[in-house]
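**Student:** So the chains spell out like this:
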Amino acid sequence: MQKLLLVKTFSRESLYDITREIAAVVASSGVHSGLVNIYVRGATAAIMIQENWDDSVQTDVVHLLRKLIPKGVWLHDQQDGNGDAHLKAGLVGPQETVPVIQGKMALSTWQNIFLCEFDGPRDQREIVVTVMSLIST
Amino acid sequence: MQKLLLVKTFSRESLYDITREIAAVVASSGVHSGLVNIYVRGATAAIMIQENWDDSVQTDVVHLLRKLIPKGVWLHDQQDGNGDAHLKAGLVGPQETVPVIQGKMALSTWQNIFLCEFDGPRDQREIVVTVMSLIST
Amino acid sequence: MQKLLLVKTFSRESLYDITREIAAVVASSGVHSGLVNIYVRGATAAIMIQENWDDSVQTDVVHLLRKLIPKGVWLHDQQDGNGDAHLKAGLVGPQETVPVIQGKMALSTWQNIFLCEFDGPRDQREIVVTVMSLIST
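Chains as they are written, first to last, in this note's numbering: chain A, 1017 to 1153; chain B, 1017 to 1153; chain C, 1017 to 1153.
Mixed in with the good hints there might be a few duds.
[What the hints assert, rightly or not] Simulated crosslink set (BS3-like; lysine-lysine; CA at most 30 Å straight-line):
{"no.": "1", "chain 1": "B", "residue 1": "1120", "chain 2": "B", "residue 2": "1024"}
{"no.": "2", "chain 1": "C", "residue 1": "1120", "chain 2": "A", "residue 2": "1120"}
{"no.": "3", "chain 1": "B", "residue 1": "1083", "chain 2": "C", "residue 2": "1120"}
{"no.": "4", "chain 1": "B", "residue 1": "1019", "chain 2": "A", "residue 2": "1120"}
{"no.": "5", "chain 1": "B", "residue 1": "1087", "chain 2": "A", "residue 2": "1120"}
{"no.": "6", "chain 1": "C", "residue 1": "1087", "chain 2": "B", "residue 2": "1120"}
{"no.": "7", "chain 1": "B", "residue 1": "1087", "chain 2": "B", "residue 2": "1024"}
{"no.": "8", "chain 1": "A", "residue 1": "1083", "chain 2": "B", "residue 2": "1024"}
{"no.": "9", "chain 1": "A", "residue 1": "1087", "chain 2": "C", "residue 2": "1083"}
[Claimed, not checked] Covered by chain A, according to a simulated footprint, are these stretches of chain C (three or more residues, beta-carbon under 8 Å):
{"no.": "10", "region": "1048-1059"}
{"no.": "11", "region": "1118-1127"}
[To be verified] Ranges of calculated distance between the beta carbons of each label pair, as one might list FRET restraints:
{"no.": "12", "chain 1": "C", "residue 1": "1048", "chain 2": "A", "residue 2": "1082", "range": "40 to 50 Å"}
{"no.": "13", "chain 1": "A", "residue 1": "1142", "chain 2": "C", "residue 2": "1036", "range": "14 to 24 Å"}
{"no.": "14", "chain 1": "B", "residue 1": "1125", "chain 2": "C", "residue 2": "1086", "range": "25 to 35 Å"}
These are computed hints drawn from the structure, not numbers from a lab. All of these numbers come straight from a predicted model, not from anything done at the bench. By construction, the Cβ of each residue, glycine as well, lies at the ideal position given by its N, Cα and C atoms.
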């Protein structure tokens, strides 16, 4: 099963918890055992699995990446000023693949799935969710 | 085929070579061609593919991440003092997906699979191994 | 379907756009809906999804990683002088998994697939492309 999710983003850099939406796709797929791949279409966004007790870690992620990859000092900035966003997206990566066990994602208690926006706000980020069954149905 | 591996860790930050355990799961799956996904359940651990000639690169990984992501300076540290561990885990990522060719993982000579512990020691880290066949059996 | 691609690299650190070659494998697989996994065999190379409008972002990637992970200061350098290459490869990672929709990779306009060479030049880097169908054929 494959499904496209659309997510609106509200600032230049922020993380959005999309675990519930992904879990709903997995549930509706009817897959009992397998894998789910979460992929964001866009070279200035990424997918990260991270804690969501509160928003402290999410804010720390934004601050860490700003420190490691400062804005405005890249060759690509001469084109559209978002060189840092591309570098952050490339380093974090656009996808994660998570096991499905007994019809649910095998996330631990503190693992949530986040869309990382590095060049927002955007009216919609497109996320492709692909659920594959171990046993073909 | 899906199998859960349990790995004990012995210090706060260290890498553990789990290649042999993963290879055993792939062998027992009977899958000839396909993919194996290795996923750690836990927001302060990660999976990295890396050389294992000796432990020099593993130690370098710990030192690099300590330098890039120092301890004790994050918002999340006000909660449980492990903000750096979450950031390291998020950046490295909880999973890798490796091709299976002729019943074996297509690792190169110097590629081994490591569990990265960033907030140990832990009695057990749970690693889900999912082996998918190209040809459904 | 599984296929091995061979890529020659020409300098110590550089990115090579392999999108067209991967797309050809996907097309020849006949898979309509599913996933394609791109995996480089080698502990000093990696796969990154990144923009390819021109070579500015690619050059920025090389510069960023040189800054974060300098050459010549690692324990592993006492063995073969490429500790930085291993660390870069481990952080970026050897693989990406991309959805296949209606027979084509679901890359966005600005997403291309790059082989990252961190310890070249090499006569050949081996890249395993695995295309899995959602519906078994």
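**Student:** Each hint should be assessed against the structure and marked as holding or not.
**Tutor:** So, going through the hints one by one against the coordinates:
no. : hint                         : in the structure
1   : B:1120 to B:1024             : holds, 25 Å
2   : C:1120 to A:1120             : holds, 28 Å
3   : B:1083 to C:1120             : violated, 41 Å
4   : B:1019 to A:1120             : holds, 15 Å
5   : B:1087 to A:1120             : violated, 34 Å
6   : C:1087 to B:1120             : violated, 34 Å
7   : B:1087 to B:1024             : holds, 23 Å
8   : A:1083 to B:1024             : violated, 33 Å
9   : A:1087 to C:1083             : holds, 15 Å
10  : 1048-1059                    : holds (count 3)
11  : 1118-1127                    : holds (count 5)
12  : C:1048 to A:1082: 40 to 50 Å : holds, 41 Å
13  : A:1142 to C:1036: 14 to 24 Å : holds, 22 Å
14  : B:1125 to C:1086: 25 to 35 Å : holds, 26 Å
Of the hints listed earlier, those the structure fails to meet are numbers 3, 5, 6, 8, in rising order.
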